[in-house]
Amino acid sequence: MRAFVSFSGGKESVFAFFHALRQGIKVEVLFTMLNSKGKKTRGHGLHKDLIMAQAQALRVPVVFANASWRRYEETFKRVLRRFRANGIEAGVFGDLYLEEHREWVERVCNEVGLKPILPLWGQDPDGLLQEFLSHGFKAVLVAIKDQRIPVELLGKFLEEEVIKSLKEIGVDPCGERGEYHTLVVDGPLFSRSLSIEAFKKRKGKKGIFLEILKFTLLDKDTSVSL
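Here my numbering is used: the first residue of the sequence shown is 516, the next is one more, and so on.
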């Protein structure tokens, strides 16, 4: 089955991609929604060039679309119709347990004639994170939107100690409700890894963000184990 991945650059979208491949799904393109200016991703606030670098490292083309929140669904469906016209049969999404998210995904896909695939749906958040780490994926916290999360965790790798800290303060360790966001910089699907070389912390209306000023794609072993 030929599919696109709804791609934010964060851990769930990358891991959904990973699981889709293990299920025999052929991922042909990534799809990322940007803000109305077309410069940063919706939700995560990542610069477009970071997503382009991830796509290059993953060796999969990426399609962008920019929209205001008011025109988000309209724009999203327009791109999905284009995918379907080009032979794409399904969309892969990284949602875990929020029923309203699943309902939106299923409705939008059904309206344009695509099959919605949610390979992570219903999995235990703790178990999912352990699996994510055990496969060698590396993710950096790039946004904190829950005031309970210490600012010091911004820019840290999502590792055991960080996960422990999140659970101790009562935050969903996966951040499924948007408590925090990540950028995946390495993993078994990546032909190259992203090295963050310069950044600053920026306070916005909805949280604190890691503004990545400089990064490099580093060569690595290109063997992939699923």
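Hints are supplied without guarantee of correctness; some may be wrong.
[To be verified] Derived Cβ-Cβ restraints for the label pairs, each shown as a range:
no., residue 1, residue 2, range
1, GLU683, GLU621, 17 to 27 Å
2, LYS735, GLU618, 20 to 30 Å
3, GLU667, GLU646, 42 to 52 Å
4, GLU614, GLU646, 14 to 24 Å
5, LYS682, SER551, 16 to 26 Å
6, GLN571, HIS650, 18 to 28 Å
7, GLU667, LYS721, 11 to 21 Å
8, TYR612, GLY651, 36 to 46 Å
9, ARG597, LYS718, 17 to 27 Å
10, LYS720, LYS541, 16 to 26 Å
Simulated from the structure, these hints should not be mistaken for lab results.
Using N, Cα and C, we set each Cβ at its ideal position, and we do this for glycine too.
How the hints compare with the structure:
Between GLU683 and GLU621 the Cβ separation comes to about 35 Å, which falls outside the hinted range of 17 to 27 Å. A hinted range of 20 to 30 Å is violated for the C-beta pair LYS735 and GLU618, which are about 39 Å apart. GLU667 and GLU646 have their C-beta atoms about 26 Å apart, which leaves the hinted 42 to 52 Å range violated. Take GLU614 and GLU646: their Cβ atoms lie about 23 Å apart, and the range 14 to 24 Å holds.
A hinted range of 16 to 26 Å for the beta carbons of LYS682 and SER551 is inconsistent with their spacing of about 36 Å. Checked against the hint of 18 to 28 Å, the C-beta distance between GLN571 and HIS650 comes to roughly 21 Å, which is consistent with it. Taking 11 to 21 Å as the suggested C-beta distance range, the pair GLU667 and LYS721 conforms, at roughly 19 Å. The hinted window of 36 to 46 Å between TYR612 and GLY651 is violated, with their beta carbons roughly 25 Å apart.
In this structure the hint that ARG597 and LYS718 lie 17 to 27 Å apart at CB is violated, the actual value being about 37 Å. Distance hint check for LYS720 and LYS541: the Cβ-Cβ separation is about 40 Å, which falls outside the suggested range of 16 to 26 Å.
Hints 1, 2, 3, 5, 8, 9, 10 from the earlier list are contradicted by this structure; the remaining hints agree with it.
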